[in-house]
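Chains as they are written, first to last, in this note's numbering: chain F, 154 to 570; chain Y, 154 to 570; chain E, 154 to 570; chain C, 154 to 570.
A few of these clues could be false.
As the list claims (entries may be wrong) - Each computed SDA-like pair below joins lysine to any residue, with the alpha-carbon atoms no more than 20 Å apart: (1) LYS297/Y x PRO546/E; (2) LYS297/Y x THR548/E; (3) LYS297/C x PRO545/F; (4) LYS297/E x GLY394/E; (5) LYS294/F x LYS297/C.
Hints in this document: simulated from the structure, not taken from any laboratory.
Protein chains: 4
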Amino acid sequence: MSTFGTLFRVTTYGESHCASVGAIIDGCPPGLPLAAQDVQVQLSRRRPGQSNLTTPRDEKDLVHLQSGIEHGVTLGTPIGLLVRNEDQRPKDYSETDLYPRPSHADWTYLEKYGVKASSGGGRSSARETIGRVAAGAIAEKYLKLAYGIEIVAFVSSVGKIDMPSAVSPPSQVPDDDDDTVEDALSPEFVELLKTVTREQVDAQPTRCPHAETSERMIKRILRAKEANDSIGGTVTCVIRGAPAGLGEPVFDKLEATLAHAMLSIPATKAFEIGSGFRGTRVPGSRHNDAFVRREGGGGLATRTNWSGGVQGGISNGEDIYFRVGFKSPATITQPQETAQYDGTPGTLAARGRHDPCVVPRAVPIVEAMAALVIMDQVLIQNARRAAVSLLPPITTLPPTMVKPTAPAAKAEGEEKH
Amino acid sequence: MSTFGTLFRVTTYGESHCASVGAIIDGCPPGLPLAAQDVQVQLSRRRPGQSNLTTPRDEKDLVHLQSGIEHGVTLGTPIGLLVRNEDQRPKDYSETDLYPRPSHADWTYLEKYGVKASSGGGRSSARETIGRVAAGAIAEKYLKLAYGIEIVAFVSSVGKIDMPSAVSPPSQVPDDDDDTVEDALSPEFVELLKTVTREQVDAQPTRCPHAETSERMIKRILRAKEANDSIGGTVTCVIRGAPAGLGEPVFDKLEATLAHAMLSIPATKAFEIGSGFRGTRVPGSRHNDAFVRREGGGGLATRTNWSGGVQGGISNGEDIYFRVGFKSPATITQPQETAQYDGTPGTLAARGRHDPCVVPRAVPIVEAMAALVIMDQVLIQNARRAAVSLLPPITTLPPTMVKPTAPAAKAEGEEKH
Amino acid sequence: MSTFGTLFRVTTYGESHCASVGAIIDGCPPGLPLAAQDVQVQLSRRRPGQSNLTTPRDEKDLVHLQSGIEHGVTLGTPIGLLVRNEDQRPKDYSETDLYPRPSHADWTYLEKYGVKASSGGGRSSARETIGRVAAGAIAEKYLKLAYGIEIVAFVSSVGKIDMPSAVSPPSQVPDDDDDTVEDALSPEFVELLKTVTREQVDAQPTRCPHAETSERMIKRILRAKEANDSIGGTVTCVIRGAPAGLGEPVFDKLEATLAHAMLSIPATKAFEIGSGFRGTRVPGSRHNDAFVRREGGGGLATRTNWSGGVQGGISNGEDIYFRVGFKSPATITQPQETAQYDGTPGTLAARGRHDPCVVPRAVPIVEAMAALVIMDQVLIQNARRAAVSLLPPITTLPPTMVKPTAPAAKAEGEEKH
Amino acid sequence: MSTFGTLFRVTTYGESHCASVGAIIDGCPPGLPLAAQDVQVQLSRRRPGQSNLTTPRDEKDLVHLQSGIEHGVTLGTPIGLLVRNEDQRPKDYSETDLYPRPSHADWTYLEKYGVKASSGGGRSSARETIGRVAAGAIAEKYLKLAYGIEIVAFVSSVGKIDMPSAVSPPSQVPDDDDDTVEDALSPEFVELLKTVTREQVDAQPTRCPHAETSERMIKRILRAKEANDSIGGTVTCVIRGAPAGLGEPVFDKLEATLAHAMLSIPATKAFEIGSGFRGTRVPGSRHNDAFVRREGGGGLATRTNWSGGVQGGISNGEDIYFRVGFKSPATITQPQETAQYDGTPGTLAARGRHDPCVVPRAVPIVEAMAALVIMDQVLIQNARRAAVSLLPPITTLPPTMVKPTAPAAKAEGEEKH
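Excised from the complex, chain F in its bound form (with noise of 0.2 Å):
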């Protein structure tokens, strides 16, 4: 459906050519200070037409909120908010009448609903992530503000072009049937996790933040555009300075959640958390990340962070960092031999203007779906803690079977008429 979350709740609506796209969010914390800009900021970052690199349309996506906020501080009440379509006519598209676009969504839509938007993607629309971006944003500004949490994503490759650090070469990788091993990621690309920030990313058109590679992708991407032809790529993001303890067992571990909201943006086809794939290569004595003594403060860190700053489904307090795959966009304008509606088989020539590469662009549609399931999760936790502060401390437990380092913390929760 198009709802998504338990307790911060985010309801998209919207094709692409209607009147407007939008969205309900539900849950905000009351007394957050909140304007439009800040959620424009993310919109724009979104939104087409800001190189050479993504789909010519210009469309101003400018937000308009409609409830929830009063003198600039939000009132817990849903927060409406609406983008106009400004390009409602579709013409482009016509030719698109008879065929369905391979691999796009024009076919099952009609599949699944009997009906389908007149032209365009509909509501598989890139357009539909305005919703979630805009949703992304406000949620953003709570963790920021409330935990000082940090998300920030980046393109960490474009077709066979990977950021030299984020694959160990695999000049490296000895025999199959060899134990020896290199680590799943490059030391350098855990570092660059730690400081990458959205001003370096920015700073490359390709929103990949190694300049040299940045420049090899402009020219394949330059090159799919040129051949009417489109290319894939992977989006990495990482969120610093969560809480630990995030993350709900059994069905609901954060990496579970995680991947369920990367995998609702459209074209996304992989998720990888923390070593991935890769990771699954790796003995376990090497793969481990063992605990020290965290450094400043109570509790432990680890040592390294293969496991992408979660262990049993919950987070552990270190970065949590992931991948995420975007195939190449479907819609291509060279001709394609393929089959109209009815079966009849022919050549499907496709116009309209289109992104030849989606991965600049999908970087904060990837940075609001972290941050909405981010935020679930803390009003959830915070439900349990709260709780528990209100309860008496244990002491018929042996001492291994309680925190050692419990909240001295006081009881928040209810004043007591």
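Based on the hints, put chains Y, E and C in the right spot on chain F.
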């Protein structure tokens, strides 16, 4: 939380050392023939002690159905079931009392809840998956009977040992900036997906249906076992015969719910559907799945299936296949330099009985979670189709907006009184 | 939260003085003919200023449909809609700044959220119900078209003025300890439920379809108005033509979800279905609804209908009827001895423009919430029936366990590929 | 479905004659001292055979806790529990094979599911409530310990026999069109709500704490029993000590979720909170609850409490009280003229063992459902409050928009790493 699904819903309980583990399955269609044996088959494939590759604990894992069934037929009411924990007394784990096991859930559970189970994995133990496997077996029974759906999972890699057909040989990958590309998967692998059976899978102790690879995997796992180490791997799963139209835009796309389901399985770190991460490297012109007329039936099929049976988040009637990455088990019996709960550095030498590699036993768990996702989506989509079938035919829309092979199918739904 | 429903789901936003109020309706069956006018009709019945019995604010309440519809037909995607708040500037309410209005939501909102809207009812305002009424109108359109379901609500009492037929005359009630009983409702009232129409209801400014009673109610309301006071009342609602089988045991029984829906309407305090509270006084032998063969069709009907169309939480095909109690509006313009937010005692004299009696305007709101409940339950039950229709006939159960008039009904559901 | 609650969630299974009935309670705060006896107390108050007023089946109803607890303390993981059905063999019910019992769930279950349990009530049996009562007892334990909340239900009427104080004498009700009014409830009754205890309630076999009325009720019930008939009644429940701020606008208002909970109990037909239906007859000027400074603490109290502790759907810190109507039990042992499943008219003479009046046994069920609602709302509101506590103080709003007695209360929430 411990509930998964909307209309077909499983809720589980149980830790590794409590009285029993179990589940309530709500929303099972009434009138389904169902016996304990239907469930037991998959539980027995999941349980430890099946070969010398897995943990030697010999738990019988007999299922006890409690409700929701009479005379071997489901009533439509919740099915309660449980499996007793025969080995409730913890003993082997006491050494770990002072140490949270690295990359295990000990520390994060304590952070989250403030208390933890006295021993073993508690709720994070793989025993928790018993409820899922049981629920999945029930869903599978329905899907097989009603739709002829087949779900088969198998081990596609252990450590660095891949099924030869699973990955394009790296030598064929040309220069990174070159457009010359290979497909994401080999033709042999795609062919295998169309035919592989559980019998073929179970014929190998590794559950990798390729005999020669399986032999290499066995050696790899035994080498890990001898080294008191562990090794990860991947499980690939194919769902054959699922109807088109499954998956709920926009947040509950089929791949999103599959990813959620898979990454809720303990030790998973990665998910990809269809061509997955490798597909991001293939240009759209080569990656798109062109349409052809479906043989012997209405509608369309696709010539290739890089999409993994899902387009726009909705199944298209082709095989649905995906791959899940399982990390190397965290519990190893060689000494690890790490820290105690209170931060004191030291050496942990776990004993206990543990799997050096979990992927063979993970196969039925992956199948179960896949069945739960498909079952729920089938019910939700059927609700829509039944609703549509009661409406008069659409006459006011342009033909290109309406499904051409509209279901002559007659209205199901409700008798009217 | 601000979302209602499982498969047919409405989410609303908006306070009394923000830019707009609106809703997203998710899960509407595709292919439903739908125009703004379908929604506007019920919005106009809800809006203020319809007679001198209600508040004189003249808000146009024009609905703007945003998405989910093309060429007058629903697409199956979310329907976004909004109604602008024309009177956004608060002025009349300033006196209340220091005083929480007694029995209003001012104080509890502040307790809950820590902040509150600057004026008026904010989110607790009756304007919030606009989204519900719009959503309900869409549900109604479907239910009418697909099932012929009719939903009619009307005012059954204002203050102590009951429709004469609604309550057994108290004089007929014998001694408390006597078994001699009267029925819970009069035969005339039960008869009225079978035939009453919206036209009959709207013919009276009070929306009480009994003209003579309506006259008395008008006088009562005007007397309250002149006294700067207010008066409560009840709304009775009947749903005709709903199929048997709606309602989900055990927690989502049909009466439970109806009660939930009704008591979510502002100012409601009471709900009863069928014979309700009065039925608790009638012995089972007289209160039971005996079965008879259903005329002109399969299945059974009941001779009486004290159950209100629901048995065991499931609809039985008879008329579903229930009654909702609305308290006297809390906002009155006579002075009230009360306390300020800080506890200082004083006198509050509200001004503003307020309804002396809300029940006439509550009629379309009750109808809307009833439609939302039935619509959602219809979809859920259809999912089950469609699932069952794909199973082979049951042969192993004793005949008394199987529905005798089993739907020869043919399999709906999915085509198989 | 069979799940209730959002953060504190109970899922139940079981029919009257299967192996066991049980529940999974998910979301219980960790660290709560909990023993089987805490649950057993309420189960024993619910079970049949407690006096000659109820059914003579002597079921032990011993609870078996399965998981989620160690050393008498909850772990925060799901609590599985079950109660065996000792009397699984149906025998007394065979006469009903041909007849659906009037006003019972036999026919509607068959309509809904197409199959039904072979005998007894199946899932519609009151045995299903065992899981709820157990879950409620756990919630109550927490609420008592953390907030000092007390929940007490009692029988307020049987048939036409009301507690004398429960209803204003009808003789005091003047002419219908007269404004002269009495209050909705007597002062004595409102006083009773402040002090009534479970001990006082259990001192009477009817669970009506007014001894004289109880005597009359006993006679009434025995007269029904002798006549092979049945009689209904009402249960009133008060929740003392709940904090202000519970209840989620707009659809999950506190009274809405309470009504949902109560009308999900078998045999219920009516719900009213505070002054309820009678309050609709009292003008606003008399019905409004004026504010006064709360004694010995911050915030406001109300002079009267016609609202039943809820305003705008949110608790205000006053006693929450409501009344639930239970119909006369449908199963009676005198002959009834009705029809068989196939429509054939005839006479049904049920045998079996049945309660002539269910309200005494319903008391702990009402308490349990009340506890489940309050528990869930407490957790949800705590999530919000904890979130707010981490935000900086609001400085930009007019003082009248901000809670004056802002919680100096310090931030709970998460430690930051």
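Hint check:
With a CA separation close to 16 Å, the supplied pair LYS297/Y and PRO546/E stays within the 20 Å bound. Using a Cα cut-off of 20 Å, the hinted pair LYS297/Y and THR548/E holds, with the two alpha carbons roughly 19 Å apart. A hinted pair counts as satisfied when its Cα atoms are at most 20 Å apart, and LYS297/C with PRO545/F qualifies at roughly 12 Å. Between LYS297/E and GLY394/E the alpha-carbon distance is near 9 Å, which keeps this suggested pair within the 20 Å criterion.
At roughly 37 Å between alpha-carbon atoms, LYS294/F and LYS297/C are farther apart than 20 Å, so this suggested pair is violated.
When each numbered hint is compared with the structure, a violation occurs for hint 5 only.
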